[in-house]
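Protein chains: 2
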Amino acid sequence: MITIAIDAMGGDHGPSVIIPAALAALKKQPDIKLILVGRREPLLEELARQQAGENLRLIVHHAPEVVEMDEPPAQALRSKKASSMRLAIDLVKQGEAQAAVSAGNTGALMATARFVLKTLPGIDRPAIVQTLPSIRGHTHVLDLGANVDCTPEQLVQFAIMGSILVSAIEGKSRPRVALLNVGQEDIKGNDTVKKAAELLRASHVNYVGYAEGNDIYTGDLDVVVCDGFVGNIALKTSEGLAHMIWHFVRYEFKRNWAVRLAGLVATPVLRALGRRFDSRRYNGATLIGLNGTVIKSHGGADAVAFEYAIFEALSEAQNQVPERIGAELLSMLGTGQVA
Amino acid sequence: MITIAIDAMGGDHGPSVIIPAALAALKKQPDIKLILVGRREPLLEELARQQAGENLRLIVHHAPEVVEMDEPPAQALRSKKASSMRLAIDLVKQGEAQAAVSAGNTGALMATARFVLKTLPGIDRPAIVQTLPSIRGHTHVLDLGANVDCTPEQLVQFAIMGSILVSAIEGKSRPRVALLNVGQEDIKGNDTVKKAAELLRASHVNYVGYAEGNDIYTGDLDVVVCDGFVGNIALKTSEGLAHMIWHFVRYEFKRNWAVRLAGLVATPVLRALGRRFDSRRYNGATLIGLNGTVIKSHGGADAVAFEYAIFEALSEAQNQVPERIGAELLSMLGTGQVA
Chain H
140 MITIAIDAMG GDHGPSVIIP AALAALKKQP DIKLILVGRR EPLLEELARQ QAGENLRLIV
200 HHAPEVVEMD EPPAQALRSK KASSMRLAID LVKQGEAQAA VSAGNTGALM ATARFVLKTL
260 PGIDRPAIVQ TLPSIRGHTH VLDLGANVDC TPEQLVQFAI MGSILVSAIE GKSRPRVALL
320 NVGQEDIKGN DTVKKAAELL RASHVNYVGY AEGNDIYTGD LDVVVCDGFV GNIALKTSEG
380 LAHMIWHFVR YEFKRNWAVR LAGLVATPVL RALGRRFDSR RYNGATLIGL NGTVIKSHGG
440 ADAVAFEYAI FEALSEAQNQ VPERIGAELL SMLGTGQVA
Chain V
140 MITIAIDAMG GDHGPSVIIP AALAALKKQP DIKLILVGRR EPLLEELARQ QAGENLRLIV
200 HHAPEVVEMD EPPAQALRSK KASSMRLAID LVKQGEAQAA VSAGNTGALM ATARFVLKTL
260 PGIDRPAIVQ TLPSIRGHTH VLDLGANVDC TPEQLVQFAI MGSILVSAIE GKSRPRVALL
320 NVGQEDIKGN DTVKKAAELL RASHVNYVGY AEGNDIYTGD LDVVVCDGFV GNIALKTSEG
380 LAHMIWHFVR YEFKRNWAVR LAGLVATPVL RALGRRFDSR RYNGATLIGL NGTVIKSHGG
440 ADAVAFEYAI FEALSEAQNQ VPERIGAELL SMLGTGQVA
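Top to bottom, those sequences are chains H and V. Taken in order, the first sequence gives residues 140 to 478; the numbers are from the working numbering. Taken in order, the second sequence gives residues 140 to 478; the numbers are from the working numbering.
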């Protein structure tokens, strides 16, 4: 039985989305227990609205405060010590839960998780890692925005963590790891990337060289490493392009009568495409590098998307991702691969 | 009459693609004259294969050497002084042509163009700017890879140049210019971006604030400014995602018999979508910041794509983009907005 603490007040929609997601996840997965952390009364009311209540596998844990979506992280950390976000992470720290999930303020979540759980030995700062779809499978990309400026050593830490994550979750023994750069040749890139490449070539990581932006989507790589500035731009640019393409697909299929008929015939295909590109399936980014599993859901996630974030937490807790990264780092500290 | 010098040997396909593109462009635009620069014999042979030859509007200008696609830029600049690329740019310098187009080695083209044409007063280094589609129109993004590391002052120069380019080409009086960043709030981003924002707020540019990656594709912005590392990642990531989506659209429409029928009915729609997302329509990046117009075509461009690059050259030469940027910079040098 895996216990997951859920910040039930976080995100744009709060309990109205999170509780249906929790109930659906409980139904699908008999091996999980969920702790809903937040204001007791509204949570019980929302449960009642869904014809549900507390039971052995669904517990409400009262938290009187809520971190606002636009609250400065330092302020949230200092003055909201009884927030739903904070208490959910505290439950992981205390061993009451094996993972925490929040759709709340990313900066506050990162600051709180770092403060409460601490980083693993050899890790300067946690990173945000997420799975993106590719032609043949999918690719883990990190950092997606936690660290705007990175040293070469940090990029190496990201590579190590991403590699262990993929090993643990997918059972791959030698995940292919690449550094995101502006070209494949050795002379390309800035000094940070070049130095990181040098360090990675000397490491135990299965480093396959530089990747360009398009390589994220081919499926030839398991892990793509970059600083948080570049990763965030790559992710958001992808979201914007996908949104535009989907906009025009719908537009073209609705443009006129004859074409609308074609759209009708093509409906099952469009549905299949919609499922394939449903970004909700990829909801749930990991704050990696901590003594504990913390999953960040998109703030605007609906119940389907939030459920995916819960299952990401389950998978990482089941596969003991933080423990495996910690153990690997400890053995590497001996060899001088991390400092 | 606008004269355009074409590096007829550049790119992955050379004259076999470039000559059909040139002939098509001449047919569509009676006001242009093209100078094909390259080895005289093979060019005349390819022209003959296309039932064409030299005439008043199509001239072959002999260049004995060719810059290889993987040749180091410094070596190309030093030892290939009679290359098709170099002589095409020389024609612009000498005033024999108003623009040059090449599908050759980007680094060599940039180095050669800088050496021969020189940068405009107040511009440290040229940038690469290209048009990307958006939901409502399109967006100019720069730098796309010429400058891996940029100072805040360079980002301001890019903003000024992009703004003037959009004014000149599209007749917009106050193009909306944004800085690409990892969030909209003032506290987001690295020091370079923050300092550039400060400088832009004090400039005459219609600076509207930070943009995130997705904003490239909304159409709310005319110019998005970033360093060449980030811009290249955004561009290549977009190419990779578009390729993946198109791959799955075709896959889903071909999966089985019933669906293939739907695909048949949907063919006109798919064609319309294909046209809309045809990346060939966006071929032709500008090396901006030089005393002259130089357009870089994608190396793998086909004849349709290369024709678009020729028309981009025509448009910029007609609208005297370098002259207008130069004049604006001169007036700004007086006000201290550029150094």
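None of these hints come from the bench; they were simulated from the model. Since the model is a prediction, treat every value here as computed from it, not as a measurement. All C-beta atoms, glycine included, are put in the ideal place defined by N, C-alpha and C. Among the hints, erroneous ones may be present.
[Said to hold, decoys possible] In silico negatives: residues of chain H with every beta carbon more than 12 Å from chain V:
#1 A221
#2 P260
#3 G261
#4 T270
#5 S273
#6 I274
#7 E292
#8 R315
#9 V347
#10 N353
#11 V369
#12 K375
#13 H386
#14 R414
[To be verified] With beta-carbon atoms standing in for the labels, derived distance ranges:
#15 K333/V - H152/H: 26 to 34 Å
#16 E324/V - F387/H: 55 to 63 Å
#17 N329/H - S218/V: 53 to 61 Å
#18 H382/V - S312/H: 25 to 33 Å
#19 E309/H - K232/V: 19 to 27 Å
#20 Q459/H - D417/V: 32 to 40 Å
#21 E180/V - F387/H: 41 to 49 Å
Hint check results:
1. A221: 26 Å, holds
2. P260: 27 Å, holds
3. G261: 25 Å, holds
4. T270: Answer for T270/H: holds, closest chain V Cβ roughly 14 Å.
5. S273: Nearest chain V Cβ is 7 Å from S273/H, so the label is violated.
6. I274: 5 Å, violated
7. E292: 18 Å, holds
8. R315: 16 Å, holds
9. V347: Holds, because the least Cβ-Cβ distance between V347/H and chain V comes to about 17 Å, which exceeds 12 Å.
10. N353: 3 Å, violated
11. V369: For V369/H, whose nearest Cβ neighbour in chain V is about 5 Å away, the distance does not exceed 12 Å, so it is violated.
12. K375: K375/H is in fact no farther than 12 Å from some Cβ atom of chain V, at 3 Å.
13. H386: 6 Å, violated
14. R414: Given that some Cβ of chain V is not farther than 12 Å from that of R414/H, nearest at about 10 Å, it is violated.
15. K333/V - H152/H: 26 to 34 Å: 32 Å, holds
16. E324/V - F387/H: 55 to 63 Å: 30 Å, violated
17. N329/H - S218/V: 53 to 61 Å: At roughly 28 Å between Cβ atoms, S218/V and N329/H fall outside 53 to 61 Å, so the hint is violated.
18. H382/V - S312/H: 25 to 33 Å: Holds: the Cβ-Cβ distance is about 29 Å, inside 25 to 33 Å.
19. E309/H - K232/V: 19 to 27 Å: 56 Å, violated
20. Q459/H - D417/V: 32 to 40 Å: The hinted range 32 to 40 Å is violated for Q459/H and D417/V, with Cβ atoms some 48 Å apart.
21. E180/V - F387/H: 41 to 49 Å: Between E180/V and F387/H, where Cβ atoms are some 46 Å apart, the hint holds.
Violation of the numbered hints given earlier is confined to hints 5, 6, 10, 11, 12, 13, 14, 16, 17, 19 and 20; the remaining hints are satisfied by the structure.
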